[in-house]
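**Q** So you can see what is in the structure, the chains are spelled out below.
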Amino acid sequence: MFREFEYAGPATRGEVHEILSRRGGEAKLLAGGTDLLVNIRAGVARPALVIDVKKVTAFHGTRWDAKTGLVIGAAVTINELLADPIVNERFPLLAECARDLASYQIRNRATVVGNVVNASPCSDMAPALLCLGARAVISSKRGEREIPFERFFQGVKKTVLLEDELLERIVVPASSAGARGSYRKLKRINGHDLGIVGVALFRKDGKIRLGISSSAPTPVLVEGLAEGDDESRVVAAARAAISPIDDLRCSREYREFMVEVFVKRLLREVK
Amino acid sequence: MRIAITVNGRAYARDVEPHWTLLRFLREDLGLTGTKEGCGAGECGACTVILDGKTVNSCMVLAVEADGARVETVEGEAREGRLSEIQQAFDRHHAVQCGFCTGGMIMSVRDLLVRNPKPTVDEIKAGIEGNFCRCTGYQQIVEAVLDASGQGWGDGALKVVGAAASPGAVAPSSAAAGAEGRLQHA
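Quick note, the sequences are listed as chains U and C, same order. Note that my numbering numbers the first sequence so that position 199 is 246, with each residue one more than the last. Note that my numbering numbers the second sequence so that position 157 is 769, with each residue one more than the last.
Check before you lean on any hint, since a few could be wrong.
Said to hold, decoys possible - Some residues of chain C that are not near chain U, with every Cβ distance over 10 Å (derived):
{"no.": "1", "residue": "632"}
{"no.": "2", "residue": "642"}
{"no.": "3", "residue": "645"}
{"no.": "4", "residue": "666"}
{"no.": "5", "residue": "677"}
{"no.": "6", "residue": "696"}
What the hints assert, rightly or not - Pairwise CB distance ranges (calculated):
{"no.": "7", "chain 1": "C", "residue 1": "666", "chain 2": "U", "residue 2": "318", "range": "48 to 58 Å"}
{"no.": "8", "chain 1": "U", "residue 1": "130", "chain 2": "C", "residue 2": "682", "range": "15 to 25 Å"}
{"no.": "9", "chain 1": "C", "residue 1": "710", "chain 2": "U", "residue 2": "50", "range": "29 to 39 Å"}
{"no.": "10", "chain 1": "U", "residue 1": "50", "chain 2": "C", "residue 2": "641", "range": "13 to 23 Å"}
{"no.": "11", "chain 1": "U", "residue 1": "252", "chain 2": "C", "residue 2": "706", "range": "54 to 64 Å"}
{"no.": "12", "chain 1": "C", "residue 1": "711", "chain 2": "U", "residue 2": "287", "range": "46 to 56 Å"}
{"no.": "13", "chain 1": "C", "residue 1": "728", "chain 2": "U", "residue 2": "132", "range": "10 to 20 Å"}
{"no.": "14", "chain 1": "C", "residue 1": "710", "chain 2": "U", "residue 2": "89", "range": "35 to 45 Å"}
{"no.": "15", "chain 1": "U", "residue 1": "90", "chain 2": "C", "residue 2": "682", "range": "45 to 55 Å"}
{"no.": "16", "chain 1": "U", "residue 1": "73", "chain 2": "C", "residue 2": "614", "range": "16 to 26 Å"}
{"no.": "17", "chain 1": "C", "residue 1": "682", "chain 2": "U", "residue 2": "62", "range": "33 to 43 Å"}
{"no.": "18", "chain 1": "C", "residue 1": "641", "chain 2": "U", "residue 2": "290", "range": "24 to 34 Å"}
To be verified - With a Cα cut of at most 27 Å, we get these calculated DSS-like pairs of lysine-lysine:
{"no.": "19", "chain 1": "C", "residue 1": "737", "chain 2": "U", "residue 2": "234"}
{"no.": "20", "chain 1": "C", "residue 1": "666", "chain 2": "U", "residue 2": "234"}
{"no.": "21", "chain 1": "C", "residue 1": "737", "chain 2": "U", "residue 2": "75"}
The hints are simulated quantities; they were obtained by calculation from the structure and are not laboratory data. The beta carbon of each residue, even a glycine, is placed where N, CA and C say it ideally should be.
Using the sequences provided together with the hints, build the complete structure.
**A** Written out as structure tokens, the structure reads:
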């Protein structure tokens, strides 16, 4: 059963910052609620205060300009992201990861920011965001800071966010627009399952990058690869970057094996 | 906290606790028990309702988040004692077994047919991916949706199991369908 908490639905960005600065330590931010409310119900999260960010107009919507790139606000749902033609045209890898996330009902509610801000190792959006060189724009009453996603995740469910901060928006740089890429996710069934392993491959301007989920304490980025590198070098780089565990979904060995299978397939299939 | 909410066309103003889910509000405050709680974690879809035109798992929405919203539940399907087209098709095709998933399933189908009035079999399967039927009566549900969308099998007879990917390939009342799928009773 749900334990009790207070609810705040501030209407402005400033009010969110104000509440966080006073009560950030005992509060949780609510966007889609598809993780938070499950965790509250399970007793894993025990906030005294839940701060709903959806009433802040500035947190809604995606924006594109050729200089900055794609900006995704904290309240943008997965299905809203998928409905943006810019996302489908210029960032197909992002769209592919989004389509693979949970079920339709959840995609109507879950947000892109929410999917990464919890720092789950099995985040579906993280592999694409890592490959695309996306940055987290973090704000608080004290101001704003930007950090690339490869430094945002600090461990299982741990990020660089401080108690008074929120991940206000994600910036996907314009330089990654038009990249070719694809995402392979191992799961038992469509719609209901957490990924067993996920691998995204990115190709642009002679560079190859991999984003891998469910295979280390955090989603990981593999850089420093280039067109012309043979398959064994790419596979070795992926293997070196991951440190999977045994759990109820599968064994460490199976995860290592499937990461390798997906890397090989992606190298063949993404031209 | 006071919320104003429209459910199945009827406006309510009610006091709710911040930690109440929309599901709890619908069932325990309004008495609309057609929406079920299965897993409570967004996996089973038994609690699916349409919130401001979008399907959601009502176990993962707070009642206070639905302040000012328009909600549709399975109780809003029947009009003046007459089942909706979707409900009638579910009835004809025996797409209801234990019935626990049906309320949520019908809301997902309602939403799917708004977005896609003539879905293929694959599109139907994708449209109900967030709704578990633990009686595993998916074939009947898919057939009911084909029927409800005017794509045949209006006689309610079971035709094909595990058939091809599009309704075109499993022509209604065609014995040829049996070559790919497994014919049951017709």
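**Q** If you check each hint against the structure, which ones fail?
**A** Per hint list: 1, 4, 5, 7, 14, 15, 17, 18, 21 violated.
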